[in-house]
Structures are given as structure tokens and as C-alpha cells.
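Line order of the protein sequences matches chains G, W and U.
Residues in the first sequence are numbered from 1 upward in steps of one, following this note's numbering.
Residues in the second sequence are numbered from 1 upward in steps of one, following this note's numbering.
Residues in the third sequence are numbered from 1 upward in steps of one, following this note's numbering.
Please note that a few of the clues may not be correct.
[Stated by the list, open to error] No more than 20 Å apart at the CA atoms, straight line, and that leaves these computed lysine to any residue pairs for SDA-like: (1) G/121 with G/201; (2) G/114 with G/31; (3) W/141 with U/56; (4) W/141 with U/16; (5) G/109 with G/201; (6) G/114 with G/33; (7) W/141 with U/240; (8) G/73 with G/89; (9) G/114 with G/85.
Treat the hints as calculated values from the structure; they're not laboratory data.
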Amino acid sequence: MTKWLFSLLWLCAVPVQALTIVDDRGVAVELARPPQRIVSLLPSLTEMVCELHACDRLVGVDSYSNWPAAVQKLPHVGGLEDANIEVIVSLRPDVVLLSASSRALARLKGLGLKVVALEPKTQADVQRVLRQVGQVLQVPDAPALWTRIDQGVNAAARSLPAALRGTTVYFEVDGGPYAASESSFIGEMLTRLGAANVVPGALGPFPKLNPEFVVRADPQVIMISDRHAQALQDRPGWSRIRAIRDGRVCLFTPAQGDVLVRPGPRMAEAAQLMAQCLQGRLKGKGP
Amino acid sequence: MSAARIGAAPGLGLLLLAATALLCIGGVAVGSLGWEPLWGRAGGASSILWEIRLPRTLGAWLAGALLGLAGAIAQGLFRNPLADPYLLGSATGASFGVALLLVAVGMSPVSASGWAAHLGLTGAAFVGAVLAVLLTLALAKGVQQTLRLLLAGVVVGMVFGALAALVMFLAPDIMRSMQAFLLGTTAFLGWPGVALLGLVFVPSLAVALALSRALDALSLGESTAMSLGVALTPVRIVLVGAMALATGAAVAQVGLIAFIGLVAPHLVRAAVKPTHRWLLPLAALAGGVLLLGADVLARGLLAPQELPVGVLTAVLGGGYLIWLMHRRPM
Amino acid sequence: MSGIAVSAEGLRVTLGAGEVLHGIDVALPAGRWTAVVGPNGAGKTTLLRALAQLLPHRGRVSLAGRDASAWNHRQRAQQVAWLGQNESGAEDLLARDVVMLGRLPHQAWLGAPSAQDHAAVEAAMRQTQCRDWRDRPLGSLSGGERQRVLLARALAVGAPLLLMDEPLANLDPPHQADWLRIVRDHVAVGGTAVTVLHEITMALHADEMVVMDAGRIAHQGRCDQPATHQALERVFDRRLTVHSLAGQWVALPS
Chain G
1 MTKWLFSLLW LCAVPVQALT IVDDRGVAVE LARPPQRIVS LLPSLTEMVC ELHACDRLVG
61 VDSYSNWPAA VQKLPHVGGL EDANIEVIVS LRPDVVLLSA SSRALARLKG LGLKVVALEP
121 KTQADVQRVL RQVGQVLQVP DAPALWTRID QGVNAAARSL PAALRGTTVY FEVDGGPYAA
181 SESSFIGEML TRLGAANVVP GALGPFPKLN PEFVVRADPQ VIMISDRHAQ ALQDRPGWSR
241 IRAIRDGRVC LFTPAQGDVL VRPGPRMAEA AQLMAQCLQG RLKGKGP
Chain W
1 MSAARIGAAP GLGLLLLAAT ALLCIGGVAV GSLGWEPLWG RAGGASSILW EIRLPRTLGA
61 WLAGALLGLA GAIAQGLFRN PLADPYLLGS ATGASFGVAL LLVAVGMSPV SASGWAAHLG
121 LTGAAFVGAV LAVLLTLALA KGVQQTLRLL LAGVVVGMVF GALAALVMFL APDIMRSMQA
181 FLLGTTAFLG WPGVALLGLV FVPSLAVALA LSRALDALSL GESTAMSLGV ALTPVRIVLV
241 GAMALATGAA VAQVGLIAFI GLVAPHLVRA AVKPTHRWLL PLAALAGGVL LLGADVLARG
301 LLAPQELPVG VLTAVLGGGY LIWLMHRRPM
Chain U
1 MSGIAVSAEG LRVTLGAGEV LHGIDVALPA GRWTAVVGPN GAGKTTLLRA LAQLLPHRGR
61 VSLAGRDASA WNHRQRAQQV AWLGQNESGA EDLLARDVVM LGRLPHQAWL GAPSAQDHAA
121 VEAAMRQTQC RDWRDRPLGS LSGGERQRVL LARALAVGAP LLLMDEPLAN LDPPHQADWL
181 RIVRDHVAVG GTAVTVLHEI TMALHADEMV VMDAGRIAHQ GRCDQPATHQ ALERVFDRRL
241 TVHSLAGQWV ALPS
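Could you build all of it, start to finish, from the sequences and the hints given here?
Structure follows, in C-alpha cells:
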């Protein structure tokens, strides 16, 4: 009889560890036990998994995931658009973390793998997705991690002298020129630091601008990747912009660019980078 | 000469010049705030007019004129009303050059300020376009047979297109910058760019005009042209050269703009029935009007955002062709 | 004017896979109209094109006593006028612009046509009676109207030697008669005409005839001589006989 009771209890105990998580698609995904073999197809998700101390559970990441250094040795299973289905399946993952718009989603699901679609795009998303990833991993650290990140961002904001509040900033994401507006993740970060983005959020997160707009807006600081910074003042009319005249152009290396652009657990570091830039302590070889 | 015939071609020319003048005014008035009347501006804005809007306007016109001219040459040279200046592979050659440069720049910041910066996007596009045409000529073993030249051009175009796509695949970071180039933009066109376009336009037009009678003779067939004393091979080489230079220069400065080279000569021929002596400059004028019009729209419709000019020319050009097919059964 | 307008020695032409002309020796007299006839595939058009320097060949071709290669492009174009077969294209050019193209060998690179050019164009269009549609694009003309414009183009060159390949295509009998008159007038003022014709009866109106068969010349002689008629009948496998009808020679299928 005791044996029966014990096995009944055991049977009840096992389902306690099963988890249902609702992902970005609104689909409820059921995980019988904490996943031990995880494939991540989004760099920000990779970083979250590692920050939640589950890096050793990753068996495969996408081609863009490059932080922390440990994931660089993992098998890279393709980019955002062209995930290598065969390799992913051969890794026998318990769960695949990817973005809802990934083309691999339907295929992997059809092949019987558990897929959880998560994609953080804004700061609020980071908090939410961090919590969801923590649920998937079944680790309790997510809320604490978020608090640390949030406090880090606040600290960076506080480190800026009051005189620098309201500095107008132009953040160029890509040639075109594509700018990061207020409604983008980068824009949100700048707002938290007290800077003013010259590109209004109504234009969408990454609008392709008329370069004349930037000349008119006359930002005090320009933030741009050092790859795209060539001949900034050769652009017609740009030599008049305050930021270029005063030399307040911050050039980011690709590694720094990754930190700034990815809505993920390195938000505090991103805030620090921007704060350093605004204070003029982050200048590359400049134009 | 009947009175109705006098001035049909010059009449169209005047009309296009008037349209150009209007669009130039529009081009200088349309900026990041949309339409702004030019009168009553404060002094500080004149630098925007002079340094940004005027070169963009003139540059768009010159690039369109170059493409229209190259299109007319292509259609005369290949005796095909569907020929366009990109037929010899210059478009995808330029794309490949740009893709390679973007990758080189992306690999190290040193090159970003060194030779790559000096070469610049425009230089890479131009070199790519010219190299592609040279490769086409080599593949076709000269200009003796137009069919072989066309085939070689198609092959070279496809190969370079595939190579450019491969480069983009291997280095996806460049995709957004490539897209800006592929869809066409006058965003960073300054006075040096305008000067370059002008420097290419004048001799190209002069050379093409000098050979306008040869182009007319070619339209009657190769044998007839030869019998009339046209030395086919040197004439073809010079025309291909002019076409390649004109196309390369335009593509280098404003990216890949579709349809202008195809549609501008058709527009002219739909209005008048000219010999090449008139067709070439009129096609240039028409091309200039088309591209400038598209550029003004691209800047003005969603200001301060910009639409890619190539999308607008495809819409405008495609729409015109559809209307043409509807009106005159081919 | 006597003499040889155009001649060939050992003329060989290879097109594609095979040799089309096998070592032709021919001398066409100046001031005469010579018709080149023969069955399909005999090489008539190829011979004419080789004489006009329009395709690569081996062997020697001479124009007016001088080796053809000694003439530069422009001189040759002023000496020889060519009217080809089935010329397509130029749909958008106006008829008068097409005829003006015939003056190309006399014109500079740029610069307006001279009064002489205009006069030659007018005369040519009057001769072929195509003035009525001078302002219409070529593409809008019927076959016969178009052919007359192209003929005017060839006449406008004002060259002493006229080489015409199937010039009667699309021409109705009255205009075929006009064409006959034009050729005769050209020869009467000292010009030379060499025409490839598949209408044997029309060809029999010429002064001389060159009969070709399978890439060689079977016979060359005057059109009114029995030897020429016999050569014709032989070359066409006796499926054609030459008769005299009301003072003219006619060829009828037998």
C-alpha cells in the first residue's frame, strides 16, 4: 500500500516539473522537464541564456551569436533567415529558441521539435522575455538579473552631469542613411539617459532619412559605426553640423555595435557606452 | 516641308526643357520638410539649398539624362526597342563592385579610412560597371555580332548578379547599405558628383551625336549600313564605350535606377518620329525629366523619410509602358 | 562607257558549315544591266553580297578596275549602292529620312544635308513615286510602298553601280514596270545595274544574264541569245522554257 502511495506521489511530482509557456505567437508550448539541450537562433536570446547561467546547456547557436566567448565554440547553425534545419535536428535539442518571424519555425515544428518564439524589441520586451527565458530554463534568477540590469542603466543615467541632459543625438544605424528613432530600442536607451533623439518616433524605428533632415536638426552628438563613418564630412552640407564641427562623433567598433543594437541583457553596458560617448570619453579616430 | 512637320522634334525639346526647369524649381524647393516655398527664406537655409538640394537636383537630372542617352544608344545599337543600357552587364557589375567595397570596409576600420575611402562607393561602382562591359566584350570576342554581344552581356550580368548576391550572403551586414544602392538614391550626391556626371555627359552626347547618322543607317540593317560606308566595328566599339561610360557614371552616383534607359527613348518616339540626331538629345532630356521627377517625388512624398528612387521610376516607367501597350497594340 | 564595272577572280565564300561559292570568276560590264538568276540555293545573293564587299570572302574582287580593298569605306559607298532583301527595322523613321540616309556616303559627320542632298532625295522619290508618303513612318506603309521608299534610298546614293537583291518584292505589275524604266534610265546615262531576280521573265529584260547553279556560274551571256536560254532551261532541269511573245522573251513553266 505504501509503495502504491509512494508511486502515486511520484507520478504527481513529475508533472509539477512540466511547464507550459506562452510565447510571442500566443501559442502555449509544453515542456515536460527543464531543457538540457538548447538551440538559440537569436543573439539576444543566446546572451540571456548565458546570463542566466545556463550557457552550458546550449548545444547550438546562430551565426551572429558571438557573446560570451564560450558560445563561439558552439556549432553555428546559420543566420536568421537561413537556419540549417538538418544540423539543428541532428543536435537533438529539447527546445529551440527563435524569433516568431523566423522561417525555420514552421519547419522545425513540423519535424517535431519544441520551438519557443521570443523576440525582444523594446526595453519592456527585454524584461518580459528575460522572465520567459527564465521560465523555460526553470531557473529563478531572471527577476534579480533584470533588477541588476535596470539599476545599471539608471546608474549610467545618473553618471551624466545635468548639463548634458537634453543633448541632441543622431544615431545612424546603416548607410542610406538609416537612423534609429525614438521608438527603437536604441532610442529608448537614449531617452533613459536624458538625451534627445533628433529623429522622432513617429517615423518608425529605423527610417531611411533625407540627409538634409540631419543637417537641419543639427545634432550635438553623432553616434555611428566606425565602418560607416568614412567621409562623414564629405556628405554635402554635413560639415556644418555641430557634432562634426565640435568633433563629437562617437565611432563604435562592431563589438560595441552589437551591445548597443541588441535588446538583451547587456543593456547596462549599452547605457554606459552611450553615457561615455555623451561625456566625450568615447571618440574613435574621428572624421 | 509641311508646316505641321516643322518643329515637331524641337517642339518636344522645348516642352522637355520647360518641364526640366519646373522640376528644378521643385527639386530645390522639396526637402526634408516637404514642399517649402523658396521666397522669404532666412539666410541660414541657403546653405541647405546650395549644398544639398541643388546638387541633388542637378545630379538627378544629369544621371537621368545619361541613362536616357545610353538607352537610346542601346536601342539603336542592338536594333531592339526593348534594349536598355544595363544589357551589357554594367548594372550587376556595379553592384558587385559596391558589395566588394562594403565588405572590404567592413573588415577593418583601417581600410575604411584608407584606399577604400578614396575609391569610395562611386568609384567601386564605376570600376565594376566598366569591368563587366569589358568582360562582355571579351566574351563576345569583339563587337562583330550583336547577338553574341547580347548573349555575352546577359551571361556576364547574371554571373555578376549571382556573385553580388553571394557576397551579400556571406556578409549580411552590408545588406542594408546594398539595398540603398540597389534601389537608387541621390541622398549623398554633392557638387563633386555633379561635376563628374557633367564631365561624362558632355563627351558622351557629343560622340553619340557624331555617330547619329551611323545609328540611323544601322536601323536599316547591317548590310545596308555597311554599304553606306559605315565602318561597323569601330562605330560599335565607340558606341559601346560611350554607353558603358554613361551608364557606369550614372549608376556610380545614384545607384541602380530601373526603367529610365528603357522608357525615355520610347517616350520620345511615341511623340515624334525622329532620326537619331534628335532622338539622342531628346531621350537625354526625357531621361533627365523622368529621374528628376521621380527624385522630387521620392523626397517629397514621405518627408523627412525618403522613398528609394528606383521604386518610383519602376512604378512610373512601368505604368507608362502599360498605358502605351493599352493604347497602341504592339 | 565601256569597261568592267565589277569583277571577281577565284571568289570563294564560306557561310556557316559549307562553302557556298566555289571559286567564281566573273566580269560584269559597265553601262549594262546584268541579271543574276538561278535556282534556290545557287548562291546568287551570296555572290552579290561578296561583290558589294558585305561579307568576308577569299579571292579578289575589283571595282571599276581597282582592287576592292584599295577603296576606303566612303569611296566605295559612293561607288556602289546596295538594295538588300527583306530589310526590316527602321519602323519609326519617316520615309524621307530613310531616303536621305542614301546620301550618307556624301555627308560629313555632322552638319545639315546640302542642297544637293535634298535635290537627290527629291529626284529619287519622284522616280519611284513615293512622294505621297514622305512624312509617314516606314512602319505604317504597305509592302509595296515600303519597297519603293527603300528603292529610292538606293537611288539617292547616286552611285554608278547599283546592286539589287530581289528588288521586285511586294511590287505590283505597274510598279514592276516602273522599276524596269528606272533601271533602264540608270543604264542609259552610263550607270551599271546588277540585279538578282527570281522572276525569270523580268530578268530576261536585262542586257546580260549570269546563270548560276550550285555555287558556280553556269553561263554568262546576252539575254537575247539562244545559248543563254538553253543554259536557263538546263539549270532549271527543263522545268522552264523560254518563248518569244510579242517581241519579248518570256519564261514559262513547262
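Against the structure, the hints come out as follows:
1. G/121 with G/201: 14 Å, holds
2. G/114 with G/31: Judged against 20 Å, a Cα distance of about 8 Å means the pair holds.
3. W/141 with U/56: With Cα atoms ~17 Å apart, residue 141 of chain W and residue 56 of chain U stay inside 20 Å; holds.
4. W/141 with U/16: Given that 20 Å is the threshold and the Cα spacing comes to 18 Å, the pair holds.
5. G/109 with G/201: 36 Å, violated
6. G/114 with G/33: Roughly 12 Å between the alpha carbons, so the hint for residue 114 of chain G and residue 33 of chain G holds.
7. W/141 with U/240: 47 Å, violated
8. G/73 with G/89: 19 Å, holds
9. G/114 with G/85: Status holds; Cα separation ~13 Å.
Hints 5, 7 from the earlier list are contradicted by this structure; the remaining hints agree with it.
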